[in-house]
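Asker: Single-letter residue listing:
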Amino acid sequence: MIEIRNVRKTFGALTVLKGINLDVNKGELLCLIGASGSGKSTLLQCINGLEPIQGGEIVVDGVSVHDPKTNINTLRQKLGIVFQQYNAFPHLTALENVALAPRVVAKRSRKEARALALKHLEHVGLGSKADSLPSQMSGGQQQRLAIARALAMEPSYMLFDEVTSALDPELVGEVLETMRLLKREGMTMVVVTHDISFARESADRVAFLHQGEVCEIGTAGEVIDNPHKEQTQKFLRREKRQPLEVA
Amino acid sequence: MNGYQFYWSIVWDSLPLLLAGAWVTIQITVLAFVIGTLIAMPMAVARQRGEGWAYRFSTGWVELSRNTPAVFQLYIFYFGLGALHINIPSYAAVLLSVSFNNAGYMTEIFRGGLTAIPRQQMPAARSLGMTGPQSFIHVIFPQMFKVIFPAYVTQGIWGMLNTSLGMLVGLQELSGATQYAQSASFRTFEFFLATALIYYLIAKALQFSSQLVFRLIYRS
Numbered sequence: 001m002i003e004i005r006n007v008r009k010t011f012g013a014l015t016v017l018k019g020i021n022l023d024v025n026k027g028e029l030l031c032l033i034g035a036s037g038s039g040k041s042t043l044l045q046c047i048n049g050l051e052p053i054q055g056g057e058i059v060v061d062g063v064s065v066h067d068p069k070t071n072i073n074t075l076r077q078k079l080g081i082v083f084q085q086y087n088a089f090p091h092l093t094a095l096e097n098v099a100l101a102p103r104v105v106a107k108r109s110r111k112e113a114r115a116l117a118l119k120h121l122e123h124v125g126l127g128s129k130a131d132s133l134p135s136q137m138s139g140g141q142q143q144r145l146a147i148a149r150a151l152a153m154e155p156s157y158m159l160f161d162e163v164t165s166a167l168d169p170e171l172v173g174e175v176l177e178t179m180r181l182l183k184r185e186g187m188t189m190v191v192v193t194h195d196i197s198f199a200r201e202s203a204d205r206v207a208f209l210h211q212g213e214v215c216e217i218g219t220a221g222e223v224i225d226n227p228h229k230e231q232t233q234k235f236l237r238r239e240k241r242q243p244l245e246v247a
Numbered sequence: 001m002n003g004y005q006f007y008w009s010i011v012w013d014s015l016p017l018l019l020a021g022a023w024v025t026i027q028i029t030v031l032a033f034v035i036g037t038l039i040a041m042p043m044a045v046a047r048q049r050g051e052g053w054a055y056r057f058s059t060g061w062v063e064l065s066r067n068t069p070a071v072f073q074l075y076i077f078y079f080g081l082g083a084l085h086i087n088i089p090s091y092a093a094v095l096l097s098v099s100f101n102n103a104g105y106m107t108e109i110f111r112g113g114l115t116a117i118p119r120q121q122m123p124a125a126r127s128l129g130m131t132g133p134q135s136f137i138h139v140i141f142p143q144m145f146k147v148i149f150p151a152y153v154t155q156g157i158w159g160m161l162n163t164s165l166g167m168l169v170g171l172q173e174l175s176g177a178t179q180y181a182q183s184a185s186f187r188t189f190e191f192f193l194a195t196a197l198i199y200y201l202i203a204k205a206l207q208f209s210s211q212l213v214f215r216l217i218y219r220s
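Protein chains in written order, with this note's numbering: chain A, 1 to 247; chain B, 1 to 220.
For the record, the hints were derived by calculation from the structure and aren't laboratory data.
Any given hint could turn out to be false.
[As the list claims (entries may be wrong)] The calculated DMTMM-like cross-link candidates involving lysine to aspartate or glutamate, where the alpha carbons are at most 25 Å apart (straight line), are:
#1 K229/A <-> E51/A
#2 K78/A <-> E177/A
#3 K119/A <-> E174/A
#4 K146/B <-> E3/A
#5 K146/B <-> E96/A
#6 K240/A <-> E201/A
Let the sequences and hints guide you as you build the complete structure.
Answerer: Set out below in structure tokens:
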């Protein structure tokens, strides 16, 4: 489980997270929603230690992420993350993209790593693209490649940072479908999204972040369909006025 | 060259001497290329970081190596160290000074390449559990070399031309051997023309072999 305790994060004079408290339970899909600048992406980057924090603590399976004594590279193998901008390694084929970390970090043999990579590519429906370079793939395929690459380290948690925001509308569906597949398989997921209908339909719990604080948290039915806080209601009204394309 | 008579046979007779010199030139060129590259990689990273002692050290190196004559750099390693009673052979002095020069230029070439790589590649690599050095070796540097390859090879060839300064400290590399042969025979033009041709051939061989390596690595 991921325990987020009173986490504070500042960039210079700007306070982005003002004491976040949040638990992520094993097997659940938690969606983080909120306006741009509410701190949800930053929080995700803090969970796997890509961003330092200025106060509080994040504990993953009993290990404190920002403790200097923690081996962050070992801990990160538990925490897969997928970014908005895919970030495929452009000089490597799809298969090599996925096989790299198992080989270099998990010290698997070249052959084992390739077999593992192929398995995960097939899992996200990219088995036929194994020898393609990222530049020969669509945005949706590159994003599924990024998911396969994270899964190849066999993480306990998957973090998704607005993974459909940079995609053409017609490519969003295939990525969401892959995420639903992971949920069905019981993966614990934290999903930062602007896609309210994905949150409503897939999330076990939804947290609404407002100005660096968890403003409201509960089931999708509670937070999205029946929000109690005024800020949540305002945010959802705005989101509904500019509906995002959803496949 | 009015009335100058070319006698090529004397060059032909001295060819073993010239080729022995060329072999020394090739050795130093390749070694200085590798040493320069290995030093320049961490220095480029330090330069890009923009602060700290490693940044200041690298900046000092870059400033010195790129803004002083290569012959001055060689003299520091040969006569300068000698004045401090550290006597090194002329071979080592040339190798060190060309490596020093290569590293300075390559640092800036690499740094330019690093800025061309999307900022998110590093967190993407680190997020998979790779250490910083692993991320550079497997993700950042392969992309960087692809961008800077032509400038990088040009610097390698420039380094080879710099080894010709070896003749000033008595090293029998290609220029040193030529100097010796022409002063013994006074056939200056023949020898320096032949030597220029050999330099040209070595440069072309370096260029073609590096292009071959590039195609093998990057499948393009």
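Asker: For the pair supplied as a hint, K229/A and E51/A, confirm whether the alpha-carbon distance does not exceed 25 Å.
Answerer: Roughly 29 Å between the alpha carbons, so the hint for K229/A and E51/A is violated.
Asker: Measure nothing beyond the straight line between the CA atoms of K119/A and E174/A; if it is 25 Å or shorter, mark the hint as holding.
Answerer: holds, 18 Å
Asker: For the pair supplied as a hint, K78/A and E177/A, is the alpha-carbon distance within the 25 Å limit?
Answerer: holds, 23 Å
Asker: Check the hint pairing K240/A with E201/A against an upper bound of 25 Å on the C-alpha distance.
Answerer: Given that 25 Å is the threshold and the Cα spacing comes to 16 Å, the pair holds.
Asker: Is the straight-line distance between the alpha-carbon of K146/B and that of E96/A 25 Å or less?
Answerer: At roughly 17 Å apart (the allowed maximum being 25 Å), E96/A and K146/B satisfy the hint.
Asker: Does E3/A sit within 25 Å of K146/B, going by the straight-line distance between their CA atoms?
Answerer: Roughly 42 Å separates the two Cα atoms, so the pair is violated.
The structure fails to meet hints 1 and 4 from the earlier list, while all remaining hints are met.
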